[in-house]
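Visitor: First to last, the sequence lines map onto chains W and E. Convert by adding 1088 to the 1-based position in the first sequence; the result is the number in this note's numbering. Convert by adding 93 to the 1-based position in the second sequence; the result is the number in this note's numbering.
These are computed hints drawn from the structure, not numbers from a lab. A portion of the hints provided could be inaccurate.
[Stated by the list, open to error] Going by beta-carbon spacing under 8 Å, a handful of chain W positions derived as facing chain E:
| hint | residue |
| --- | --- |
| 1 | T1132 |
| 2 | Q1133 |
| 3 | Q1136 |
| 4 | G1138 |
| 5 | F1139 |
| 6 | D1214 |
| 7 | P1255 |
| 8 | H1259 |
| 9 | W1260 |
| 10 | A1265 |
Cβ coordinates follow ideal geometry from the N, Cα and C atoms, glycine included.
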Amino acid sequence: MIEALIVFLALAVIFGLLLGYAKIKFKVEGNPVADQIDNILPQTQCGQCGFPGCRPYAEALAEGKSEVNLCVPGGHEVMIQISEITHREPKEMDETKAPPDEPMVAVIDEDLCIGCVHCIKACPVDAIVGATKMMHTVIEKECTGCELCVPVCPVDCIDMVPQRPTPQTWHWPEPIANSLERRS
Amino acid sequence: MNALVERKPLKHRLIAWLGKLYPMAKRWLYHFHGGVFPKYHKSLSNRHPLLEDYIPDLLTLPVQQHLGVATEPLVQVGDRVLKYQRIADTNKGLSAPIHAPTSGYVTAIEPRILPHPSGLPGLCILIEPDGEDQAQPLTPAKSPATPQALKKLVHEAGIVGMGGAGFPTFAKIPDQRGCIEHLIINGAECEPFITCDDQLMQHKAQAIWRGAEIVAQSLGIPRVLCGIEDNKSQAIEAMNDALSGLSTASHEQTSFEVHPVATVYPMGGQEQLTQELLHLEIPSDKHAIEVGVLMMNVATLAAIAEAADEGKPLISRYVTVSGMGLEHPFNANVLLGTSFQALAEKASPKTALTYPLIQGGPMMGISMHSNNVPVIKTTNCVLANPPEAVEPAMPCIRCGECMDACPIQLLPQQLYWHSRSHEYDKVKDLSVFDCIECGCCSFVCPSHIPLVQYYRHAKSEIVRIEKEDAAAELAKQRHEFKQARIEKAEKAKKARLQAKKDAVKKQAAGKKPATGAAAAKARAAAAAKKAAAAKTTNQSETSPSEKPAQTAREKAMAAAKARAQKAKNQADNAPNTDSATTSTAEDKRKAAMAAAKKRAKTRQKTETGASPLKASDNAQSESDDKRQRAMNAAKQASKKGESSVSQEAGTKADTTAPTQDKRKAAMEAAKKRAKARQMQQTTPDQTESDQASDTED
Ligand code: SF4
Ligand code: SF4
Ligand code: SF4
Ligand code: SF4
Ligand code: SF4
C-alpha cells in the first residue's frame, strides 16, 4: 500500500516536472488562434470591422469578443473560415455591406492635391508618398484599396478606380462544365 | 522520309505493319512518352508558292510583342518612318525593340485589340505605308565574336523566340563561352496545318545554317543538331544540301548535323526534341541552358543571320495562312503588323470570315476575339477553320488515355479532378506547371473534356492566389511597421515633453526676480506676436476648403507665401509660426494659443489687481508662457517628425527639411530660454532694452 502510494507520488512529481519543463521549453509565442485568423483575413487594414486593422480584429475574435461577420472585404468566404477556426455559428453578413467586385486602388488627382499630408496619416499601409505642400502619389502596388484616405482629403482629389486587367495580368477563365460532365 | 527509311528499314517497316493492328505502336519510334498523331493537312499550304512583297494598307505594331516589359514609342503621330527604322524601344527591362516594316506615316498611337487570348487592347503604333518601301541605310555588323556581342546584336535587331512564347532571344543566350555543348535547331514543326518553318528551310536553308554558325562561333558550341520531322523530306534535303555552303573552317570547329525525327505531335516542344536528339531529360527545376543545351527555332536563326550579315532588324516573318475554310491557303513572308483578316482574304475564303480566326495551329492555337488583329513576331499561322459542332463534354470514364498521351508523364485525369474542385494546392503538387499545354490529353479524351482549359485556368488561379498572398503579407508588414512607428513616436513625444517640463521647473527655481515693467513689456510683445500668428492661421484656414480646384490651389499657394513671409518676419522669436506647418498642426496650435491667451489674460487681470512688484510671480508667468510655446513647438516638431517618417519610403530627400526645421526650432527655443535667464540676472534696464530689441527685430 505504502509502496504504491510512494510510486504514484514519485510518478506525479516526475510528470509534473516534465510538464512544467515542457511548458517553458515549448512555449508558443503569441496567440496561435489569432495568428490563424490573421492569416485568412484579407489584410486590407480598412478598419470596417471596427478594429484598427486586421490583426486587432483577429485578436478580438480569438478571445471571443467579437462577431464573426464583421470583415467586409473578406465577405462570406472569410466569415465561414473564421467560424470554422473559432468553432462558432456562422452569421450572415450584413446585406448592406457588399464587398466590391473588382479590386480597387486609390488614385490621387495630382493637379488638385494641395499636399496637406492628411492622406498619408490615414493610409494604414503607407502606400502614399509625398511631402508637405507637395503633390502626393499612391504606390499602386502597395495600395490595399481600403478607402481610408478618401474621406480625409480636404479637396476631394482621391478617387477609387478599379484595376483593369491588362494582357499581362489577365487570367484564363474557368471552363464551364455542362450538365453531362458535371454529373461525373 | 527517305533518310529514315534507309537507315532503319526493318524496324520502321515492322512498326508500320504493326500500326495497322495497334495504332499506338508508332509511339515506339521515338524516345519520349505519349504523343499523338493528328491529321496533318500540311499539303494544303505547302503546295502553293510563297507570297513575297505584300504591303498591306495599314500596319498595326503592338509595342509589346514579346515576354517582358512593353517598349515605348520613339515616334509621334504624323512622323514619316523609313523601313528598318527603330520605332519603339525601352531600357526598363527585358524587351526587344520594334522596327518599322516599311516606309510610311504614323497615323495613330493608340490601344488596339491584340492577338492574345484575352482579347484585351494594348498600345499599338499604326503605320500607313506610302508604297515607296524606302529603306534606311543598313550597317552590316561584324560577325560577333563574343557572347556579349551576339547578345547586343540580337537585342538590337529586336529578335525574339519566333517559335512560340516570344522570349527575347538575347536573354536566353548565356554570358560565357563554352557552357553550351549542343545547339539544337528546331525544325520539327509538329502542329497540323503549319508549314512556314518547312518553307523557310526550303527557301533559306543557307541563312539558317549561317545563323547557327554565328551562334556556335560566338558561344564556342562544338555541336549543332538540326531536328526535322521526317514528313518534311524537301526541307531535310534542302538543309543537307546547304550544309556545304558553310566554310570548312567552321566545319572543323563545329559539327553540323541534320537529324530526321519521327513525325509525332508534340515533337517540336523543347523538352521533347531535346529528349529525342540527345536522350536527355531536362529536370523541371532547371533551364535547358543549365544542362548545356540551347534551342533555337529555324526562323530565329535565319533572323540572326540577316541581322549579322546585312544589319537587317526583324521586320517580317514567314506565316502560314491555312485552314479548311480557305480555297487557296499559302505561306507568305509577311510584314509584321499585317492584319489576320487581310491575309485570310487573300487566300480566297470559301465563306465569309464571320468565325474567329485562330493564331497558331489547331492543337495549341488560340482563337481571336477580333479578326483584325496584327501578325506579331511570334505569329506562325493564321488558321481559318470554320467552327464545327463540338461534341459535348461527357463525364470522365477514367480510361487513362490522357495519361498515356501526356508527353510530360503527368496525370491529366487527376489534374482535371482537382482543378474542377478548385483544390489548387493539390493541382500544384501534381506539377501542373510542368504541363506544356500541348493538348494531347484533350485530343485523346473520349469524353471530349477540355482538359487543357482546366489546366490553364488552374495555373493562372494559382499564380493569382500566390500574388494575393504576397500582397496581403506585404500589407500586413507595412501596417505593423506603421503601427510600431506611431507607437515609438508617441513614446518619444512623451519623453520629450517630460524633459521639457523638468527643464522648465529647474529654470523657474533658478530664476531671480525681474522688474514688473520689463515683464509687462515682454508680455505685450508676446501678445502682439500671438495675434499675428493667429491671423496667419486664419488666413490659411480658409483656403483649402474652397473650390474649384484651380483657385483652391492658387489660394493655398498664396496663403503659403503669406505665411512664409510672416514666418520670415518673426523667424527669430516665433519658432511656432514655421512656414512648414501643416494645417492640422495649425488647428491644434490655434486651440493651444487661444488657451494660452486666455490664461495670459486672466493672469494679467490678477496682476493688475495685485501689487506691481510681484516679481517672482511675473517671472513665473513668463516662464509659463514660454513653456506653453515650447510645448507647442515640441508638438509641432513631433508632428513633423511623424509625417516625415511616413514619407521615408518614397522621398528620402524630403525628410531632411522637416527634421532640420525641427532642430532649428528646438535650438531657437533653447537659445531664447538661455537669453531670458541671462537677462533676468542682469540689471532691469538692460533687460528691458534687450528684450525690446529681441522682440522687435
Ligand atoms: S474589415 Fe478591414 S481591417 Fe477589418 S479584418 Fe477585414 S480587411 Fe481587416
Ligand atoms: S492609398 Fe488609400 S485606399 Fe490605398 S491603402 Fe492607402 S488609405 Fe487605403
Ligand atoms: S489629403 Fe488630398 S490634398 Fe491632402 S495630400 Fe492627400 S491627396 Fe493631397
Ligand atoms: S482521357 Fe478523358 S475520360 Fe479518359 S481518363 Fe482522361 S479525362 Fe478521363
Ligand atoms: S496538356 Fe499538359 S497534361 Fe495534357 S498532355 Fe499536354 S502536357 Fe500533359
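Visitor: Output the numbers, in ascending order, of every earlier hint that fails for this structure.
Guide: 3, 4 and 5
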